[in-house]
Amino acid sequence: MTIILVSLLFAALLGAILALIIGVAAKAFAVESDPRIETVTDMLPGANCGGCGYAGCADFAKAIVEGVAPPNDCPVASAEATVRVADYMGITSEEKEKVVAVVRCSGGISDTVRSPYNGVEDCRSAVLVAGGAKGCDYGCIGFASCARACPFDAIEIRDGLAVVHPDLCVGCGKCVDVCPKDLIILTPAAVDVHVYCNSPEKGAAKRKVCKTACIGCRKCVKASDSEDQMLIDGFLIATNYNNPPLPDLVEKAACPTTALRLATQHAAGAYEGVSK
Amino acid sequence: MSNKPRKFRGGVHPNDSKALSAASPIQDAPLLDKYTVIVHQNIGAPPEVLVKKGDEVKKGALLAKASGFVSAPLHAPTSGTVTAVDKCDGPTGLRVAAIEIRADGEDEWGSPFEPITDWQNADAADLKQRVSDAGVVGMGGAGFPSHVKLSPPAGKEIDTLILNGAECEPYLTADHRLMLEQAEDVVVGAAILARILGLKSAVIGVENNKPDAIEALKKAAAKTNVTVQGLPVNYPQGAEKQLIYTLTGREVPIGGLPMDVGCVVQNVASAVAVNDAVVKGHPSIERITTVTGEPLVNPGNWRFRLGTPISKAIELAGGVKVQPAKLLLGGPMMGFAQNSLDVTVMKNTSGILLIPAEQVSQYTSDPCIRCGKCVSCCPMGILPATISQAVENERFDLAAQLNVLACIECGSCSYVCPSRRPLNQHFKRAKAEIMAARKKK
Chain A
1 MTIILVSLLF
11 AALLGAILAL
21 IIGVAAKAFA
31 VESDPRIETV
41 TDMLPGANCG
51 GCGYAGCADF
61 AKAIVEGVAP
71 PNDCPVASAE
81 ATVRVADYMG
91 ITSEEKEKVV
101 AVVRCSGGIS
111 DTVRSPYNGV
121 EDCRSAVLVA
131 GGAKGCDYGC
141 IGFASCARAC
151 PFDAIEIRDG
161 LAVVHPDLCV
171 GCGKCVDVCP
181 KDLIILTPAA
191 VDVHVYCNSP
201 EKGAAKRKVC
211 KTACIGCRKC
221 VKASDSEDQM
231 LIDGFLIATN
241 YNNPPLPDLV
251 EKAACPTTAL
261 RLATQHAAGA
271 YEGVSK
Chain F
1 MSNKPRKFRG
11 GVHPNDSKAL
21 SAASPIQDAP
31 LLDKYTVIVH
41 QNIGAPPEVL
51 VKKGDEVKKG
61 ALLAKASGFV
71 SAPLHAPTSG
81 TVTAVDKCDG
91 PTGLRVAAIE
101 IRADGEDEWG
111 SPFEPITDWQ
121 NADAADLKQR
131 VSDAGVVGMG
141 GAGFPSHVKL
151 SPPAGKEIDT
161 LILNGAECEP
171 YLTADHRLML
181 EQAEDVVVGA
191 AILARILGLK
201 SAVIGVENNK
211 PDAIEALKKA
221 AAKTNVTVQG
231 LPVNYPQGAE
241 KQLIYTLTGR
251 EVPIGGLPMD
261 VGCVVQNVAS
271 AVAVNDAVVK
281 GHPSIERITT
291 VTGEPLVNPG
301 NWRFRLGTPI
311 SKAIELAGGV
321 KVQPAKLLLG
331 GPMMGFAQNS
341 LDVTVMKNTS
351 GILLIPAEQV
361 SQYTSDPCIR
371 CGKCVSCCPM
381 GILPATISQA
391 VENERFDLAA
401 QLNVLACIEC
411 GSCSYVCPSR
421 RPLNQHFKRA
431 KAEIMAARKK
441 K
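Note that the protein sequences, when read in sequence, are chains A and F. So in our numbering, spot 51 of the first sequence is number 51, and the numbers just go up one at a time. So in our numbering, spot 239 of the second sequence is number 239, and the numbers just go up one at a time.
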């Protein structure tokens with residue numbers, strides 16, 4: 001009986017002393033933190049994608065509260081969520097133009113010349129073996145390094161080609177950094193017309209290795225509404241994102257190689273098997 | 001240097017398959033009507049192209065001049081007209097700058113250099129300048145400009161010149177035939193190199209599986225200060241650091257160069273190129289290449305001009321009797337897989353190897369079973385298994401700590417791995433990532 005009493009008393013005393021130490025320590029070493037940081041963190045999407053340039057949502061929230069970063073730097077948050085954060089902070093936030101990633105290649109396995117490859121299934125490793133074992137030096141290797149980097153599952157590998165789903169992409173830019181061929185660019189989400197080719201080679205050389213390469217025929221340039229909607233760089237045409245063409249250009253231009261595509265239709269698989 | 005050669009740590013013994021082409025004497029490849037000379041044939045800065053479309057060039061004329069110290073000039077393989085300065089399929093799978101020359105059939109020398117027949121008494125600096133002007137590079141595979149190795153910085157004392165005739169890569173016999181048929185040129189080349197370095201002697205290391213070459217060299221070197229040393233047969237005996245250890249017992253420190261231990265290593269084919277440059281006044285415009293592999297009708301060794309397409313080389317070897325599944329430039333251990341027959345012979349193309357389908361296994365790699373085979377065979381003494389796991393997790397910092405940069409990419413670890421892990425590819429990736437990150441800083 002006494003043993004139990006002594007033990008209980010001892011445990012109670014020990015507890016009391018430790019509680020006292022913790023209590024004093026909590027007061028003495030308290031970390032002053034702005035409670036608003038936690039609130040703003042909760043308002044953010046919590047994807048921790050790093051698209052804002054900060055190390056995750058909590059770090060970004062801290063930057064917002066400190067006034068270093070505007071709330072619209074988050075590419076993932078919806079317009080309403082951004083406004084909510086801005087209202088809470090008592091600032092106004094302009095709506096930022098939404099961007100999405102575009103993989104500037106349309107050469108799937110069935111459209112391009114490729115060699116058999118048996119090695120590490122990662123684009124950045126495969127590129128060390130004969131430049132990716134693909135006839136075209138500039139095209140998508142298709143081993144999904146970008147798809148694995150995407151925190152939002154917005155990139156699909158279809159027929160050995162990375163295809164971005166514009167509805168899922170938030171434009172965080174993670175994929176841009178990992179592509180060894182520098183194929184991926186961030187473009188305004190409002191623009192749907194893109195040239196899915198990135199090879200500066202001559203038209204004939206491109207045609208030899210890929211059915212869907214841009215051969216620089218300029219049909220799209222002629223069909224566009226104003227001169228500088230499509231930019232010409234040697235044998236490669238690109239959309240001018242500062243003065244973009246309307247989506248009907250794709251139909252009007254009737255691109256002979258289908259390199260000129262609508263991102264939404266490309267993601268839906270509308271161009272599969274149409275190349276000759 | 002008469003001490004017994006040591007055995008370096010690790011190494012593997014793949015089937016050497018050299019019998020396919022070892023007995024075939026070197027033949028001069030017939031003149032073609034068109035050569036596509038790849039501009040960047042050396043490690044270091046690409047040379048600066050001096051010709052343009054329409055220019056008439058004589059054989060040996062300067063096509064591109066060295067653009068820095070670590071760079072090498074390029075000369076015309078034959079006389080003719082420059083028809084294009086454009087791109088062609090390169091040995092790394094990417095398209096590279098190339099100069100296309102339509103041969104006029106005369107094959108007339110423009111004679112850019114005066115032969116230095118009295119090289120024994122010539123000034124070492126003049127000889128070195130000649131090696132540099134002639135565009136001689138390491139012809140064993142790396143393509144490192146030879147004159148750079150011959151210019152040790154102040155404070156580095158060179159006391160040993162080693163000629164590399166190990167030719168440890170399976171299938172390749174180009175150096176073997178060269179040492180057998182042009183033993184005297186090899187010895188003279190060695191003596192010239194020794195003179196440039198201010199050394200009295202040189203040693204030629206040859207693997208013991210080439211007894212006829214050793215004998216021929218010994219005969220040629222009989223009255224000179226050049227010695228010939230047989231080496232144990234062990235892949236990668238021909239790797240610079242392993243060769244130095246075998247012959248001298250010195251270990252090149254990690255991240256160091258042979259000059260750090262007082263050695264200069266040159267390939268035997270480079271020595272012959274030096275001989276040609278000095279004694280004949282010929283720039284480096286041709287090389288001996290082994291065209292081999294089971295699918296070929298007549299595997300053998302040819303003296304090709306730079307810019308000869310692989311397809312022509314295969315034609316010379318009688319074409320194929322069975323469809324090959326893989327084409328490599330170089331040997332099976334370190335060679336580069338090709339996806340085009342338009343790639344042309346360069347100064348460092350030691351072999352063109354065709355592999356039939358039954359020898360190309362398609363496999364998926366399994367997890368590491370920690371057997372340690374790669375560790376015991378690694379000639380550099382690094383830990384392939386551990387490093388490969390770091391690379392798979394993209395921990396390049398860890399890979400760097402584990403000295404992945406010391407890897408010589410000999411492929412021994414991939415060769416022995418029972419789980420068929422693509423170790424060598426992982427290391428290439430890690431080295432590329434680490435070097436890119438260092439460049440950024």
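Read the hints as simulated data drawn from the structure, not as lab findings. Just so you know, not all the hints are guaranteed correct.
If you anchor each label on the Cβ, the simulated ranges turn out as follows [what the hints assert, rightly or not]:
no. : chain 1 : residue 1 : chain 2 : residue 2 : range
1   : A       : Asp225    : F       : Asp366    : 31 to 37 Å
2   : A       : Glu272    : F       : Ile434    : 50 to 56 Å
3   : F       : Ile434    : A       : Glu227    : 43 to 49 Å
4   : F       : Asp28     : A       : Glu227    : 57 to 63 Å
Away from chain F, derived, C-beta distances all over 12 Å, residues of chain A [what the hints assert, rightly or not]:
no. : residue
5   : Pro116
6   : Tyr138
7   : Gly160
8   : Ala205
Note that beta-carbon positions come from the ideal geometry of N, C-alpha and C, so glycine has one too.
Each hint, compared with the structure:
| no. | hint | verdict |
| --- | --- | --- |
| 1 | Asp225/A to Asp366/F: 31 to 37 Å | 58 Å, violated |
| 2 | Glu272/A to Ile434/F: 50 to 56 Å | 40 Å, violated |
| 3 | Ile434/F to Glu227/A: 43 to 49 Å | 47 Å, holds |
| 4 | Asp28/F to Glu227/A: 57 to 63 Å | 58 Å, holds |
| 5 | Pro116 | 8 Å, violated |
| 6 | Tyr138 | 9 Å, violated |
| 7 | Gly160 | 15 Å, holds |
| 8 | Ala205 | 8 Å, violated |
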